[in-house]
Amino acid sequence: MRGIVSIAGYVPYRRLQRAAVAQLFGTGGGKGTRSVASHDEDTTTMGVEAARRALRPAPGAALDSVWFATASPAYLDKTNATTIHAALRQPAAVAAFDFGGALRSGVGALCSSLAAGSGTTLVVMSDMRDGLPTSVDESAGGDGAAAIVVADDAPGTPVIAEYLGGASVSDEFLDRWRTAGDRRSKVWEERFGETRYVPLGTEAWESALKGVGVAPSDVDLVAVTGMHGRAVRALTRTLGASEGAVADDLGTTVGQTGTAHPGLVLASMLERARPGQVIAVVALADGADVLVFRTTKALASWTAAEPVADQVAGTADLPYGKFLAWRGMVTPEPPRRPEPQRVSATAAWRNEEWKFGFVGSKDRASQAVHLPPSRISMKGGAVDDMDPIDLADTEAVIATYTIDHLSHSASPPIVFAILDFDGGGRFPVELTDVDPAAVDIGDRVAMTFRKLFTADGIHDYFWKAKPVRSRELPPSAVETGGTGGTDG
Amino acid sequence: MASHGIKDRVAIVGMGCTRFAEHWDKSLDDLIVEASEDTFASAGVTKDDVDAYWLGTAQSGMSGITLARPLQLEGKPVTRVENYCTTGSEALRAAAYAVASGAYDVAMAVGAEKVKDSGYQGLNAVPIPNDGTARTLTAAAMFSMVAPAYGKKYGVAEDELTAVLARISWKNHQNGARNPRAQFRKEVSTETICASPRVAGRLGVFDCAGVADGAAAAILVRAEDAHRYTDKPLYIKALSFSAGSGSGLIDPEYDYTWFPECASAAEDAYRQAGITDPRRQLAMAEVHDCFTPTELVLMEDLGFAERGTAWKEVLAGTFDRDGELPVNPDGGLKSFGHPVGASGLRMFFETWLQLRGEATPERQIDTDRTLALTHNLGGYPGEMVSFVSVVGTELG
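Here the protein sequences come in this chain order: A and B. Residues in the first sequence are numbered from 484 upward in steps of one, following my numbering. Residues in the second sequence are numbered from 5 upward in steps of one, following my numbering.
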């Protein structure tokens, strides 16, 4: 039996109220919200966050490879999956591959990993969707990531959702396209895409269900994803699934996260599923892909590290002006400080464990924790007598903090805190996803992988801390069902 | 092993100091020449009489050539030193040890910095290639963490602490207003200080040192030769230096209410000089008031006040120009300005004027004490270097 061992979605903290677009421009926007990656996030960092959440409930998973898919890669030429591989502290023998460029690459990577005969693969899907101000893409799009551990059922890696089978149909037609370097996608007349996607989706849906021997009415949860909102809604109506089976596609709250979306809604569905249910996802992008799963008894003992529903509910609004600045659509006056210099490739490589893994050192004699790692102990002076200590998943408390209005930042001011980690270790670090007025001494924070800045085309990846927010959440929007109209 | 010091073995016999200002019309060379020529004249020597030179500049130039070229020194041993914001003090320390060792008869220390050519406000460190994980905060942000920590530890309410810090800024502006060489020569009301725009944490513009260009210099000889040059030499009683390991940043025991490097440097200096009660033995002190909370904490680190009491002493006027122990009678970094490599020597320049009775009358300290202290620090809370000196007009 092959299937999903663990899964997680990552939805960034900030939301844009779609109504804010019309408030500024008099047009555009719509109802609900879309997710917005922070100024210090990109598809790679969001992929790391999703992957950390997927691996946490699957400690027995020994990966063979890390696959990363996005239509908005942080780097071209250079593999982005190696950054994720480093942040997850994977051994060198674990392969790291990018699936690049197309919106379909995410679901394609997932299909390929499930179709593979063996091996444990971490499939990471991530995207940031942009459009010019007032465009449908700007409002209907979203930012997010998903990570899925695919493996054969084994004692260390119990499969929580068995892959029953699926179908893919492909067609060459121009519905949506973007040439390298362009900030916006272009779309053909909407009706044309709809007339292509609905029959393609229907063909794949019928083929997949027939292949796995499941009737549409036996499907317990299904979600259709795709950037073509009309086609998604039209196909959803013709699936023949029972009314309660159609899951929220997160369109009204998160937006369509493109490459990541099939994984994100799949995570959302699995988090609310019970053992023995049939779950299907349909992805429309240059054809149609259908994947059908049946949850197993192991699902009952699997717990999401941070459910998508929690991430959908625990958010803060971002002013539209900040959104436009973060997306590079407008350029506010920068602080009058020197711009950061590019990171040294050699120094970054030497310090890979520290920089990407947040691994310090702990003196064996004094137990003093050194961040970054040190060869000589600050307590007792022992030389080269330390063990590595991984603090990426350890929470910390704010000992003191300050707010810096002068330092260079993509979004000033910088909130900076002195952290004391649970179990020992102190480190001064920047806070993110935080309201400066709400920070206080004693607050709990968790580490998050971020991009500090970009210089000479080199992204400076390192860790920041973000507040640990209440896990007691109101009834989730995910439970309401139905597809969201987002392009009004 | 011990820190023996060089008490009474070396004397300062000549000093000079430019005005500290935004010298748009002066180059580093201009500032070096002006301070050096004033110093040669002060000691009654020429550049050829000086056997060895040390230049302190943090980031305005590399190597001794930065001094040798503008002064046109031929074949002299000229060395550039750098140690964060204590750079100027380090130049003097090197020159003093060179004389004390007997290696040279006459040595000169020059400190100079041209910071206003960068096009940016504030000080900006020269970037060194790195892995991109080091913090990039301003000094103001790092020092801003001191005030709330101090207030919390000693139970000083936020508005009370604001008044204390404003009082420090007010005092240093009072002093700077009476100093023709100071960058800011205006008295500033505490209301204006408290209403200034925030820079970092609770620190406003008036809590921060002035950023200026400038240069200062000193000529040092053996104590027994001093009267050949001047009737009123300053004898070096103590030179102390302490570099932290940087572990304060990662040590959970560090609480941001004191600077261990400064306390240890002061302790060593007092031992070298034989000082047991600095508050009553010193005529004055020049301290590194890069930000107002720094000066507050230093009053305790330097032993001028008991732990947790400096804030009361500040409000009581203990460190005012006419107080029990005047601190920063020249205006300090706050209003004299802070050209990094020059500041340490500027502090010595004020002791040179005050102990010799040569300060401008409106700020000359009326005292019969003969000892003065300079304190110079570099870096940040948790990652600091600190220098303390004691000089005096009498031998023994």
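No lab work stands behind these hints, which were simulated from the structure alone. Predicted model, so just to flag it, every value in this text is computed and none were measured. Virtual Cβ for every residue (Gly too), placed ideally from N, Cα, C. Do not rely on the hints blindly, as some may be mistaken.
Here are a few chain B residues that face chain A, going by a calculated C-beta distance under 8 Å [unchecked claim]:
{"id": "1", "residue": "Tyr124"}
{"id": "2", "residue": "Leu127"}
{"id": "3", "residue": "Pro131"}
{"id": "4", "residue": "Thr142"}
{"id": "5", "residue": "Ala153"}
{"id": "6", "residue": "Gly155"}
{"id": "7", "residue": "Ala204"}
{"id": "8", "residue": "Leu253"}
How the hints compare with the structure:
At about 6 Å, the closest approach between the beta carbon of Tyr124/B and any beta carbon in chain A falls short of 8 Å, and the interface hint on this residue holds. Because the beta carbon of Leu127/B sits about 11 Å from the nearest beta carbon in chain A, more than 8 Å, this interface hint is broken. With its C-beta approaching chain A no nearer than about 4 Å, Pro131/B sits inside the 8 Å limit, and its interface hint holds. Interface hint at Thr142/B: satisfied, since its Cβ lies 5 Å from the closest Cβ of chain A, which is below the 8 Å cut-off.
Because the smallest distance between the Cβ of Ala153/B and any Cβ of chain A comes to about 6 Å, under 8 Å, the interface hint for this residue holds. Violation of the interface hint for Gly155/B is found here, the shortest Cβ-Cβ separation to chain A being roughly 11 Å, above the 8 Å cut-off. For the restraint placing Ala204/B at the interface with chain A, the shortest Cβ-Cβ distance is roughly 5 Å, inside the 8 Å limit, so the hint holds. The closest approach between the C-beta of Leu253/B and any C-beta of chain A is roughly 6 Å, which is under the 8 Å cut-off, so the hint is satisfied.
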